[in-house]
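Student: Given next are the chains, with one letter for each unit.
There are 2 protein chains.
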Amino acid sequence: MFRTHTCGELRIGNAGQAVTLAGWVQRNREMGGLTFIDLRDRYGITQLVFNMEINSDLCRDARELGREFVIRVRGKVAERFNKNPKIPTGEIEILVEELIVLNPSKIPPFTIEDHTDGGEELRMKYRYLDLRRNENRKNLFLRHQMAIETRNYLNFKDFIEIETPYLIKSTPEGARDFVVPSRMNEGQFYALPQSPQTFKQLLMIAGYDRYYQIVRCFRDEDLRADRQPEFTQIDCEMAFVTRDDVLNTFEGLAKHLFISVLNVEVSDFPRMPYQEAMKLYGSDKPDIRFGMTLHELNHLLQNKGFKIFDDAGLVVGIKAEGCGDYSRKQLEELTDFVKRPQVGATGLAYIKYTTDGAIKSSVDKFYTPENLKLVLDEMGAKPADLILILAGNTDKIRSAMGDLRLEMGKRLDLINPVEFKPLWVIDFPLLEWDEETRRFYAKHHPFTSPKPEDISLLETDPDAVRANAYDLVINGTEIGGGSIRIHNKELQQKMFRVLGFTEEEATNQFGFLMNAFEYGAPPHGGIAFGFDRWVTLFGGGDSIRDFIAFPKNNAGRDVMIDSPSVISEEQLKELGISPSTK
Amino acid sequence: MFRTHTCGELRIGNAGQAVTLAGWVQRNREMGGLTFIDLRDRYGITQLVFNMEINSDLCRDARELGREFVIRVRGKVAERFNKNPKIPTGEIEILVEELIVLNPSKIPPFTIEDHTDGGEELRMKYRYLDLRRNENRKNLFLRHQMAIETRNYLNFKDFIEIETPYLIKSTPEGARDFVVPSRMNEGQFYALPQSPQTFKQLLMIAGYDRYYQIVRCFRDEDLRADRQPEFTQIDCEMAFVTRDDVLNTFEGLAKHLFISVLNVEVSDFPRMPYQEAMKLYGSDKPDIRFGMTLHELNHLLQNKGFKIFDDAGLVVGIKAEGCGDYSRKQLEELTDFVKRPQVGATGLAYIKYTTDGAIKSSVDKFYTPENLKLVLDEMGAKPADLILILAGNTDKIRSAMGDLRLEMGKRLDLINPVEFKPLWVIDFPLLEWDEETRRFYAKHHPFTSPKPEDISLLETDPDAVRANAYDLVINGTEIGGGSIRIHNKELQQKMFRVLGFTEEEATNQFGFLMNAFEYGAPPHGGIAFGFDRWVTLFGGGDSIRDFIAFPKNNAGRDVMIDSPSVISEEQLKELGISPSTK
Numbered sequence: 001m002f003r004t005h006t007c008g009e010l011r012i013g014n015a016g017q018a019v020t021l022a023g024w025v026q027r028n029r030e031m032g033g034l035t036f037i038d039l040r041d042r043y044g045i046t047q048l049v050f051n052m053e054i055n056s057d058l059c060r061d062a063r064e065l066g067r068e069f070v071i072r073v074r075g076k077v078a079e080r081f082n083k084n085p086k087i088p089t090g091e092i093e094i095l096v097e098e099l100i101v102l103n104p105s106k107i108p109p110f111t112i113e114d115h116t117d118g119g120e121e122l123r124m125k126y127r128y129l130d131l132r133r134n135e136n137r138k139n140l141f142l143r144h145q146m147a148i149e150t151r152n153y154l155n156f157k158d159f160i161e162i163e164t165p166y167l168i169k170s171t172p173e174g175a176r177d178f179v180v181p182s183r184m185n186e187g188q189f190y191a192l193p194q195s196p197q198t199f200k201q202l203l204m205i206a207g208y209d210r211y212y213q214i215v216r217c218f219r220d221e222d223l224r225a226d227r228q229p230e231f232t233q234i235d236c237e238m239a240f241v242t243r244d245d246v247l248n249t250f251e252g253l254a255k256h257l258f259i260s261v262l263n264v265e266v267s268d269f270p271r272m273p274y275q276e277a278m279k280l281y282g283s284d285k286p287d288i289r290f291g292m293t294l295h296e297l298n299h300l301l302q303n304k305g306f307k308i309f310d311d312a313g314l315v316v317g318i319k320a321e322g323c324g325d326y327s328r329k330q331l332e333e334l335t336d337f338v339k340r341p342q343v344g345a346t347g348l349a350y351i352k353y354t355t356d357g358a359i360k361s362s363v364d365k366f367y368t369p370e371n372l373k374l375v376l377d378e379m380g381a382k383p384a385d386l387i388l389i390l391a392g393n394t395d396k397i398r399s400a401m402g403d404l405r406l407e408m409g410k411r412l413d414l415i416n417p418v419e420f421k422p423l424w425v426i427d428f429p430l431l432e433w434d435e436e437t438r439r440f441y442a443k444h445h446p447f448t449s450p451k452p453e454d455i456s457l458l459e460t461d462p463d464a465v466r467a468n469a470y471d472l473v474i475n476g477t478e479i480g481g482g483s484i485r486i487h488n489k490e491l492q493q494k495m496f497r498v499l500g501f502t503e504e505e506a507t508n509q510f511g512f513l514m515n516a517f518e519y520g521a522p523p524h525g526g527i528a529f530g531f532d533r534w535v536t537l538f539g540g541g542d543s544i545r546d547f548i549a550f551p552k553n554n555a556g557r558d559v560m561i562d563s564p565s566v567i568s569e570e571q572l573k574e575l576g577i578s579p580s581t582k
Numbered sequence: 001m002f003r004t005h006t007c008g009e010l011r012i013g014n015a016g017q018a019v020t021l022a023g024w025v026q027r028n029r030e031m032g033g034l035t036f037i038d039l040r041d042r043y044g045i046t047q048l049v050f051n052m053e054i055n056s057d058l059c060r061d062a063r064e065l066g067r068e069f070v071i072r073v074r075g076k077v078a079e080r081f082n083k084n085p086k087i088p089t090g091e092i093e094i095l096v097e098e099l100i101v102l103n104p105s106k107i108p109p110f111t112i113e114d115h116t117d118g119g120e121e122l123r124m125k126y127r128y129l130d131l132r133r134n135e136n137r138k139n140l141f142l143r144h145q146m147a148i149e150t151r152n153y154l155n156f157k158d159f160i161e162i163e164t165p166y167l168i169k170s171t172p173e174g175a176r177d178f179v180v181p182s183r184m185n186e187g188q189f190y191a192l193p194q195s196p197q198t199f200k201q202l203l204m205i206a207g208y209d210r211y212y213q214i215v216r217c218f219r220d221e222d223l224r225a226d227r228q229p230e231f232t233q234i235d236c237e238m239a240f241v242t243r244d245d246v247l248n249t250f251e252g253l254a255k256h257l258f259i260s261v262l263n264v265e266v267s268d269f270p271r272m273p274y275q276e277a278m279k280l281y282g283s284d285k286p287d288i289r290f291g292m293t294l295h296e297l298n299h300l301l302q303n304k305g306f307k308i309f310d311d312a313g314l315v316v317g318i319k320a321e322g323c324g325d326y327s328r329k330q331l332e333e334l335t336d337f338v339k340r341p342q343v344g345a346t347g348l349a350y351i352k353y354t355t356d357g358a359i360k361s362s363v364d365k366f367y368t369p370e371n372l373k374l375v376l377d378e379m380g381a382k383p384a385d386l387i388l389i390l391a392g393n394t395d396k397i398r399s400a401m402g403d404l405r406l407e408m409g410k411r412l413d414l415i416n417p418v419e420f421k422p423l424w425v426i427d428f429p430l431l432e433w434d435e436e437t438r439r440f441y442a443k444h445h446p447f448t449s450p451k452p453e454d455i456s457l458l459e460t461d462p463d464a465v466r467a468n469a470y471d472l473v474i475n476g477t478e479i480g481g482g483s484i485r486i487h488n489k490e491l492q493q494k495m496f497r498v499l500g501f502t503e504e505e506a507t508n509q510f511g512f513l514m515n516a517f518e519y520g521a522p523p524h525g526g527i528a529f530g531f532d533r534w535v536t537l538f539g540g541g542d543s544i545r546d547f548i549a550f551p552k553n554n555a556g557r558d559v560m561i562d563s564p565s566v567i568s569e570e571q572l573k574e575l576g577i578s579p580s581t582k
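Residue numbers (this note's numbering), protein chains in the order written: chain A, 1 to 582; chain B, 1 to 582.
None of these hints come from the bench; they were simulated from the model. Quantities reported herein were computed from a predicted structural model and do not represent experimental measurements. Honestly, I wouldn't trust all of these hints.
All copies of an identical chain are treated as equivalent in the list; a pair is satisfied when it fits inside any one copy or across any two copies.
Claimed, not checked - List of simulated lysine-lysine pairs, DSS-like, C-alpha gap at most 30 Å: (1) 106 to 494; (2) 255 to 157; (3) 365 to 285; (4) 125 to 494; (5) 157 to 138; (6) 443 to 396; (7) 304 to 382; (8) 157 to 365; (9) 307 to 489; (10) 451 to 410; (11) 451 to 365; (12) 279 to 307; (13) 573 to 443; (14) 76 to 157.
For reference, chain A alone in the conformation it holds in the complex (with noise of 0.2 Å):
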């Protein structure tokens, strides 16, 4: 046996008892004739103590002890004179008796405190001493007691958790697939899976009625920040349902989760329309923090003169409370801003309601005072408030604006981080026209009911049909999404042809399914969340990267690993495969 407790166990009570310990060096240090040594390991820290004058050669060998090194020792517990109440342990501390060096460490390459000094690409190659840090452990940790809960609850409400496959079918519909060559069956592959969707829509038609999964997906696409190539979703589906049904279901989960691991109560969730979101927040997954919505000017600022109103699609607005007295340097930073690629604007416009009354605007040359005054009357603007234009195409403005309020929302601390408020976005488009490719593409994926009003629509105006799809928004960021189902073998038909499927490419993509539909599928309906992402927004994190053991980085690799890497002409030899000439 190595140790009789952990390093976070002993307290006052235990004072005089005989124990060993066994852990990690955090800190060394001497004080006259003593030497006391942090020893750290999961569960807390210990201090230990040897004394020069009782047992010099003991307490030499202590001296040599480095960072990291892994020790055990035996001693008494003993009350300590100077008590460290920051930590559980901090009442006791152990007089040794006896030290055993387990493994010796070299000094590590950064130090494994809360604030270290390693750069990130130095920190992942030793993700193993990275993990050692407070913070990761404290992630992992989270997301350990998250994956408890989520199951806790789903099992409680009847949901089974079923294993689907890892080797499947690669399909071409939306991203790409990872593939892995088949060594028994030549020229062939397996996917491996983005989401395990058909698998479970089989289930359901299986009879299983509530399925989940906390499941491993992959998808090869260019990286950007904070993508994987694998990631992590909690996976369900329910037969027999409206989308009501799931809606509240799972708002029970989030809920759970909520309270049973931050302990924070959430109000229930509003259900705003896909239209509305945007047409409000301009963006389908707001962040209803706080307000700042979007305001729509076209009938108060457009045929008055101004060319580039005249010409826009949109005229919209926000208004910046208190900011009414900005300065010119100030603004042209919110210019330089929304000009931003990213953002995508051309110019911003303006209107001062200065904290003396004064009206000033950008566009004072084409409108009179009184047209200003309606804008800031329409939009309740008090002096000292800021008006904030933008004008232009008006899907790309709404985003521009979207971005913006966010923008303005953050230079007047206006969100609170470490409030939730989450809702649901609902009905959105079932499709998406791609100009490229000329053709349309399916916003959420091809199993994706439309609206049962909006069926008829699908082959006469198919941009008006919405789907029954929902999305989980919290904080602005996408949790999750789903939808119900597709359930009949002619209305699958339909939408492949609608999505630019030939029958043939239907059929053997994705005739099990259709053919499933054939013998008694029940209608049915689920929901997918990020699980990286939940855990991210639940920790507070900026990087689904904080959240995973082993990441990999922007390039898709595992630096610690070196991996991928090639593999010998042999594997190769016997896969049936060859690096391709070009």
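Place chain B on chain A using the hints.
Tutor: What follows is chain B alone, placed relative to chain A:
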């Protein structure tokens, strides 16, 4: 809302209530003016009644309903006239007032009953229908339940579930890897994990102390019956532990699963050295539900002039009680059994001790009756007992006799199918010599620690080195295995040398792990359980395929989705690979 209740929920206390149910038509039968339908869902079966006299249109509609139609009905709960005590809803039925067909069904290709008329290939193709059968549903619920209880136990014991990556690095040691071409790093490949072995060791080095994961693993093997290219492990690792700490912890897990899932109490598990298991049972996974242990007879039967026995490394017998009067035909059957290629003996000798006390033997021309009587006495044979004897190469003959012992156990009905007798097999050999490649292989894997007292033999007598390794065996099935790991760089390097790795190969493949050993690696060890196999054992099944939702067939194919399959030229080109020309 599609239903007010499930089909397993209503009881006599609900009589008189208006309810709405939804489900599948299991059976449809007419009796006079009445039509009865058994409506099925995951939760049970409820009887629906349609009365021709009360509503002839509705009753006619009901008569049209085929098997597996999905319907919704509204009606009143009524007490049944003929109660069915076999099902929990058997006291009530629903007097239907409204019927809606949610989805019709073609006639299923096989019957959805406990005993179906569908062959395996057909059922696999329509797996979503096969999964509707009770047996499969029970199997998947058992699996779910075992996963829940595994997590309950391990969470309670302070283990933390941590997800490790699926896109890792190929290493030629062990079985073949499945590989995944990297589009972003052309010419390079990820590999799918055969197990998270190195990651869980790194987590111990990172200080996580107790890790587990229920995780998918992948092996590209030539499939035998009951091997799957992807399978699930309960993967565990602990730091600061001795072998006995590990065994006690996971004996606790096994006992918890026995009691919580099967309601079976099992006694403490015996711990049997590998050598003893081979000697007494001819197997490293002995079924100890019955005795009939192997008895070495070299000292009694060698050097009496019978060349076959004299030349053998081992002469070994088992005693089959009550078989002393076996006929020539029965003995020939046993001879045929041991001569099968899978068993591999060249012949079978016997000594019959007949009911009337006569001694008859297939080798009596070489042995005096006194010789034979000595064997009978030493083996404690009584009249009506039979001694079966094999001779030859020690390892081969032990294994053959182990097979014959199991065969006799079955023939004599000595194996209680509902009894469970787990044991630990310990002290496995560290290395296995391979004649073909003329090198040692790790019997477990290259990270397994030798027993400390045997380390000195590693370079002088590798064959004799015992590993600090252990297997959990239940009823003759290996359910899991593990070991105390090497945590010291020098010992790991020595191990790689013994296994014939060059220094460069070792560094290339496992450099990150050996580096990690230099930064304070604690002593650690762990175990992994074959979850599919464990569930199959608990479910009393023969094939793991019956306990996997979507298994692959023996050729590694999923015949339902038709995978693996060819992928497009464009995909191949993007990945930078092409089918090699041979």
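Student: What hints, given by number in increasing order, does this structure fail?
Tutor: Violated hints: 3, 8, 9, 10, 11; rest satisfied.
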